[in-house]
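Take these sequences, add in the hints, and give me the full structure.
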Amino acid sequence: MAGETANNNQIVIPSLTRVWLAAVGTNAPADATAVMPDGWRPVGLTTEDSLKFNNEPNFEQVRSAQSSYPTRTFQTQDASTIEVDLQQWSGPNFQAVYGGGDIVEVTAQDSKKHYKFTPPRIGGRTEIAACIEVVDGGKHYRYMVPRSMQMEGVNTELAKTKEAVLPLRLAVQGGDDSDAWYVITDDPSFAPPVVTPPSGG
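So our numbering is basically just the index in the sequence shown, starting at one, shifted up by 1192.
Among these hints, one or two may not hold up.
Stated by the list, open to error - In silico DSBU-like pairs for lysine-lysine, Cα to Cα no more than 35 Å straight-line:
id, residue 1, residue 2
1, 1244, 1304
2, 1304, 1354
3, 1304, 1352
4, 1244, 1352
5, 1244, 1331
6, 1352, 1305
7, 1331, 1354
8, 1308, 1352
9, 1308, 1354
10, 1354, 1244
11, 1354, 1305
Stated by the list, open to error - Computed Cβ-Cβ distance ranges for the label pairs, DEER-style:
id, residue 1, residue 2, range
12, 1375, 1311, 27 to 35 Å
13, 1352, 1384, 47 to 55 Å
14, 1265, 1219, 35 to 43 Å
Don't read these hints as lab results, they were simulated from the structure.
Note that the structure is predicted; figures quoted are calculated from it, not measured.
All C-beta atoms in this analysis are idealised placements derived from N, C-alpha and C, irrespective of residue type, glycine included.
Here it is as structure tokens:
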């Protein structure tokens, strides 16, 4: 089509994704390819189609008798979530999925060590920082979430015929003094346009 800007290099096919978690306040990576700073932990293997980042702002509309259309629309809140199904069972992954909790060693009758995981009590959930990493060839994207919290129920299917996954569901937390989330990338199509100052005087 005439005038259409078509660039198939701007189609993103995530060939590799990773999810990282850290304590709130852990240093964020400086760019899209830097080694993750100390304190960040990969959650490991995830199911291939489960990773989603959702952004769902809410709006209200003002209606007036003089118009069939809204005469004003304003945003009332913002909401973003991370969804992914974890394939690797571990203590830290259980704590992430259930919003915290405690793990202690318990006395066992056999020679192996045994551990007890207790989910957090009401009011005891903890916030965590999160990073979603997406790689498409030479392009890298990192969704950085400084604060998030597990705020959904946990439904784990224990079926004989497939792996049992841990459903990680995080709600982005925000504040007026910081970015609730942001993306850092080396994709050249994100470069801001060059503004040329007007000539003459």
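Hints and how they fare:
{"no.": "1", "hint": "1244 - 1304", "verdict": "violated, 38 Å"}
{"no.": "2", "hint": "1304 - 1354", "verdict": "holds, 27 Å"}
{"no.": "3", "hint": "1304 - 1352", "verdict": "holds, 26 Å"}
{"no.": "4", "hint": "1244 - 1352", "verdict": "holds, 26 Å"}
{"no.": "5", "hint": "1244 - 1331", "verdict": "holds, 19 Å"}
{"no.": "6", "hint": "1352 - 1305", "verdict": "holds, 26 Å"}
{"no.": "7", "hint": "1331 - 1354", "verdict": "holds, 33 Å"}
{"no.": "8", "hint": "1308 - 1352", "verdict": "holds, 24 Å"}
{"no.": "9", "hint": "1308 - 1354", "verdict": "holds, 25 Å"}
{"no.": "10", "hint": "1354 - 1244", "verdict": "holds, 21 Å"}
{"no.": "11", "hint": "1354 - 1305", "verdict": "holds, 27 Å"}
{"no.": "12", "hint": "1375 - 1311: 27 to 35 Å", "verdict": "holds, 32 Å"}
{"no.": "13", "hint": "1352 - 1384: 47 to 55 Å", "verdict": "holds, 54 Å"}
{"no.": "14", "hint": "1265 - 1219: 35 to 43 Å", "verdict": "holds, 39 Å"}
Going through the hint list in order, the structure does not satisfy hint 1, though it satisfies all others.
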